[in-house]
Amino acid sequence: MDRPRAAAPLPAMFYVILGTLLFGGLIYLLRPVLTPFVLAFILAYVLNPVVDALERRRIPRIASVIFLVFLAGVAVAAAALFLVPIVEAEIRTALARGPVYIETVQTRVVPWVEDTFSVRLPHTSQEWGAEISRRAGAISTDLAGTLGSAMAAMFSGILSLVLSLVGFLVVPVAAVYLLKDFNQIGRGLLRFFPERVRPTAMARVQEINAVLSGFVRGQLLVCLILSVLYSAGFLLVGLDLAIVVGLLAGFANIVPYMGLATSLVMGGGLAFLQYQDSTHVLGALAVAAVVQVLEGTVISPRIVGQRIGLHPVAVIFAILAGGQLFGFLGILLAVPAAAVVGVLLRAGASRFRETAWFRGAA
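By the numbering used here, the letter at position 151 of the sequence shown is numbered 258, and the numbering carries on one by one without gaps.
Derived by calculation from the structure, the hints in this document are not laboratory data. Glycine included, every Cβ here is placed at the ideal spot set by N, Cα and C. Be aware that one or more of the hints could be misleading.
Stated by the list, open to error - Pairwise CB distance ranges, derived in the manner of DEER restraints:
1) Asp288 to Ala203: 51 to 61 Å
2) Gly180 to Gly131: 43 to 53 Å
3) Pro408 to Leu136: 32 to 42 Å
4) Gly180 to Pro156: 18 to 28 Å
5) Gln383 to Ala170: 55 to 65 Å
6) Thr223 to Gly345: 41 to 51 Å
7) Leu276 to Ala463: 51 to 61 Å
8) Ile169 to Ala428: 15 to 25 Å
9) Leu188 to Phe299: 44 to 54 Å
10) Gly132 to Pro167: 32 to 42 Å
11) Tyr135 to Leu190: 33 to 43 Å
12) Leu343 to Phe299: 52 to 62 Å
13) Arg163 to Leu188: 28 to 38 Å
14) Pro156 to Thr223: 45 to 55 Å
The task is simple: from the sequences and hints, build the whole structure.
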């Protein structure tokens, strides 16, 4: 009599996929509290090579970590002390010209919107006030029923603010601890792999590290350079908020294509509100276009290079998918995560092409 056949063991890839799905689900559930820790990890990742270099010079690691985090804090504070007065002066100038902006909206923007979209908008401040009062009156009839929701929203907003402040304080503390044990954490993660696959896993980790290090550190430098270029260009055009828009557009570039969109919309829009002519609008748009060309042809290729290894369509898809699943955190991490997936897929495809089945099929 034949013995019952034992169930075939599940392939290792099944457990890898299952673990990946479970880990992704956990990240999705914890996404509201992950942002400060992700920022701390990015800071630790950027500073770790410097800490390693200091450690090789026989400087204690913990002393190097504390010094570098302190130095980073001083650099941020110095930049704030330098930029805050400039930004404050620009905002004060823009507020002083507020009536001019309002008149431009009333005489130029509102008629264009009405003609283009066949809608009726208020023209004068009295009409806007009457419209706001009418809508406020309609809302007030349901105010009693929504008071509880409003109070809940207020307390929720206060709680979110407190959590944001706490998260801001968590970043340097978590960065110190991560930097202190950064290399040990990496070696500890490798112990989860069996001995026979540990060399392969180490090779993949090194490949991923090469991709991410080139992207993260290079992208931060690119954003800084773009901020300077945008600000200088908008100053030449004569925008009141040149530094503000330049900084926003430059560092928005940490999300691909967001810097270009910010510079076009804010630069062109503010130029129109301030000057009401095509010359300055075209000047602002030209600044955005020239900086984008420099970024795409000179700055990013030289600093970041082609290490990310992703097609532009894949980048756009990763950003949209990341934003849909994880919000701002997903947008921020979309491109690095897609680069990691790309490394793993290329390695998997290479192994697959070496199998007997593939060679036989070929």
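Hint by hint, here is what the structure shows:
no. : hint                         : in the structure
1   : Asp288 to Ala203: 51 to 61 Å : holds (52 Å)
2   : Gly180 to Gly131: 43 to 53 Å : violated (33 Å)
3   : Pro408 to Leu136: 32 to 42 Å : holds (39 Å)
4   : Gly180 to Pro156: 18 to 28 Å : holds (19 Å)
5   : Gln383 to Ala170: 55 to 65 Å : holds (58 Å)
6   : Thr223 to Gly345: 41 to 51 Å : violated (28 Å)
7   : Leu276 to Ala463: 51 to 61 Å : holds (56 Å)
8   : Ile169 to Ala428: 15 to 25 Å : violated (39 Å)
9   : Leu188 to Phe299: 44 to 54 Å : holds (45 Å)
10  : Gly132 to Pro167: 32 to 42 Å : holds (40 Å)
11  : Tyr135 to Leu190: 33 to 43 Å : holds (36 Å)
12  : Leu343 to Phe299: 52 to 62 Å : holds (55 Å)
13  : Arg163 to Leu188: 28 to 38 Å : holds (34 Å)
14  : Pro156 to Thr223: 45 to 55 Å : holds (53 Å)
Checked against the numbered hints given earlier, the structure breaks hints 2, 6, 8 and satisfies all the rest.
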